[in-house]
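Asker: Letter by letter, the chains look like this.
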Amino acid sequence: GEDVEQSLFLSVREGDSSVINCTYTDSSSTYLYWYKQEPGAGLQLLTYIFSNMDMKQDQRLTVLLNKKDKHLSLRIADTQTGDSAIYFCAERATGGGNKLTFGTGTQLKVEL
Amino acid sequence: EAGVAQSPRYKIIEKRQSVAFWCNPISGHATLYWYQQILGQGPKLLIQFQNNGVVDDSQLPKDRFSAERLKGVDSTLKIQPAKLEDSAVYLCASSLTLPDTQYFGPGTRLTVL
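Chains as they are written, first to last, in my numbering: chain X, 1023 to 1134; chain D, 4 to 116.
Derived from the structure by calculation, the hints contain no laboratory data.
This one's a predicted model, so the numbers in the text were calculated from it and none came from an experiment.
Certain hints may be false.
[As the list claims (entries may be wrong)] Some chain D residues near chain X, calculated using beta-carbon distances under 8 Å:
1. Gln-44
2. Gly-45
3. Ser-90
4. Leu-94
5. Ser-98
6. Asp-103
7. Thr-104
Ideal Cβ positions, reconstructed from N, Cα and C, are used throughout, including at glycine.
This is chain X alone, in the form it adopts within the complex (with noise of 0.2 Å):
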């Protein structure tokens, strides 16, 4: 079945790199991606990866992904106080459709 896990809290300063973690169960995952979650918000797509890839940077963001170890990563550089929110990591397998199976977030606190 499918799992995806992530760490509950991440604290780093302002200017500083942030690394979230997550892994996931479903070696037949095709997509991966980061949402961000502000208090009170929908989830807004950050970034995504196709499993063929093994990183993909965009601007500030960069996503690492060890599909042997089924590990995905969002670093984000230069953190700024904007950047702290609840993020997801989410995998749509092959079978089922469309559908994402969420992580359980991990909230990013940018502290100054």
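Place chain D on chain X using the hints.
Answerer: Relative to the frame of chain X, chain D by itself:
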């Protein structure tokens, strides 16, 4: 481009009452999803529509939850009767087609007392 719209944003009801949520997807998006997000958890898919047909409703508690998308555009999700454990944020998402990236609305926060 307008995003996914949902209403109401907040709803408070007593247990055993009924409630309905409305979603308007991004224009042209054929696929629509309803998710339930309990506090402290990630969203869980309740039901998925492709146009006006149901693709996946395996995790929808059908004894109390129902959803429809009659004309293949807007959708409503209903809970009747509500239980305390239904307190959650109900998120609607849409995608252009299957498979495609999902875009989420702001959600409806339901509190059942």
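Asker: Determine for every hint whether it applies to the structure shown.
Answerer: Evaluated hints:
A least Cβ separation of about 6 Å between Gln-44 (chain D) and chain X falls short of the 8 Å threshold, and the interface hint therefore holds. With a cut of 8 Å, the hint placing Gly-45 (chain D) at the interface with chain X holds, because the nearest CB-to-CB distance is about 3 Å. Residue-level restraint check for Ser-90 (chain D) is violated (minimum Cβ-Cβ distance to chain X is 15 Å; threshold 8 Å). With its C-beta approaching chain X no nearer than about 6 Å, Leu-94 (chain D) sits inside the 8 Å limit, and its interface hint holds.
With a least beta-carbon distance of about 6 Å to chain X, the hint placing Ser-98 (chain D) at the interface is held under the 8 Å criterion. For Asp-103 (chain D), the suggested interface contact is upheld, since its CB lies about 7 Å from the closest CB of chain X, less than 8 Å. At a threshold of 8 Å, the smallest CB-CB gap from Thr-104 (chain D) to chain X is about 6 Å, leaving the interface hint in force.
When the structure is compared with the earlier hints, a violation turns up for hint 3 alone.
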